[in-house]
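Each residue of the sequence shown is one higher than the one before, starting from 153 at the first, in my numbering.
For the record, the hints were derived by calculation from the structure and aren't laboratory data.
Take these hints with a grain of salt, some might be off.
What the hints assert, rightly or not - Restraint ranges, calculated between C-beta atoms of paired labels, are given here:
(1) Arg-306 with Leu-336: 19 to 29 Å
(2) Arg-342 with Ser-233: 32 to 42 Å
(3) Gly-205 with Ser-181: 11 to 21 Å
(4) Gly-324 with Gly-228: 17 to 27 Å
We treat Cβ as the ideally placed atom computed from N, Cα and C, and that holds for glycine.
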Amino acid sequence: MTTTENYFKQWQIDQKKVDVGFLNARLFSTIDRFLRVASGRPLAGRLLDIGCGDGSFVGYSVGRGLSARGVDIGDGVNFESDVLPFEADSFDIATMFSVIEHLRDPANILSEARRVLASGGVLVIITPNLDTTGSRFWDDPTHVHPYNPRSLTRLMEMSGFETVSLGLWSVGKTSLLWRLPVPLQFFIGRSLPFAGLNKYAPWFLKGRSTTMLGAFRVRK
153 MTTTENYFKQ WQIDQKKVDV GFLNARLFST IDRFLRVASG RPLAGRLLDI GCGDGSFVGY
213 SVGRGLSARG VDIGDGVNFE SDVLPFEADS FDIATMFSVI EHLRDPANIL SEARRVLASG
273 GVLVIITPNL DTTGSRFWDD PTHVHPYNPR SLTRLMEMSG FETVSLGLWS VGKTSLLWRL
333 PVPLQFFIGR SLPFAGLNKY APWFLKGRST TMLGAFRVRK
């Protein structure tokens, strides 16, 4: 069994230990708060989750009143070459959670995201920040393409998007965090001693993160 296969097998085992409903609620709430701070709009309308995995976030979003769809490589779609099975201008918001770092060439999927988003639509991306993860980025053998705030911003601009906001992925913190200078956000994120899922640490010591959260508006 290869290193990647071993990693994926362990990931599947770990996933069975987590409360998926809790994680989806936390994810939805964080994205909603981030969008409200970044653009004044909530997480609402027509949603496409690119790289949706088991589709649980799509199902949760439907339960929250969104018209949500998902697409994943498990559906036989190659994000680096295939056309997504949706009409142009079909969605208001698209999400890519921990997807882009697994693609050697993201040009096709970003072009497709731009195509299926309506004018003014927003693409939300979560991906590690190489400036803070350093060599630990490569601990995941399925990671092939690292980004930092500068390179991600440049990539999105070249792909027909404008940056609405880019900052630290962090949950359970005040929304004022995203109004701080980006370097300060990541300094805080890597300085906190405990991860957000730690059950025993006090809330003010939790939230350690080296991950970026970005919102990018499509230009048409």
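Taking the hints in turn, this is what the structure says about them:
no.: 1; hint: Arg-306 with Leu-336: 19 to 29 Å; in the structure: holds, 21 Å
no.: 2; hint: Arg-342 with Ser-233: 32 to 42 Å; in the structure: holds, 36 Å
no.: 3; hint: Gly-205 with Ser-181: 11 to 21 Å; in the structure: holds, 19 Å
no.: 4; hint: Gly-324 with Gly-228: 17 to 27 Å; in the structure: violated, 37 Å
Hint 4 alone, counting from the list given before, is not met by this structure.
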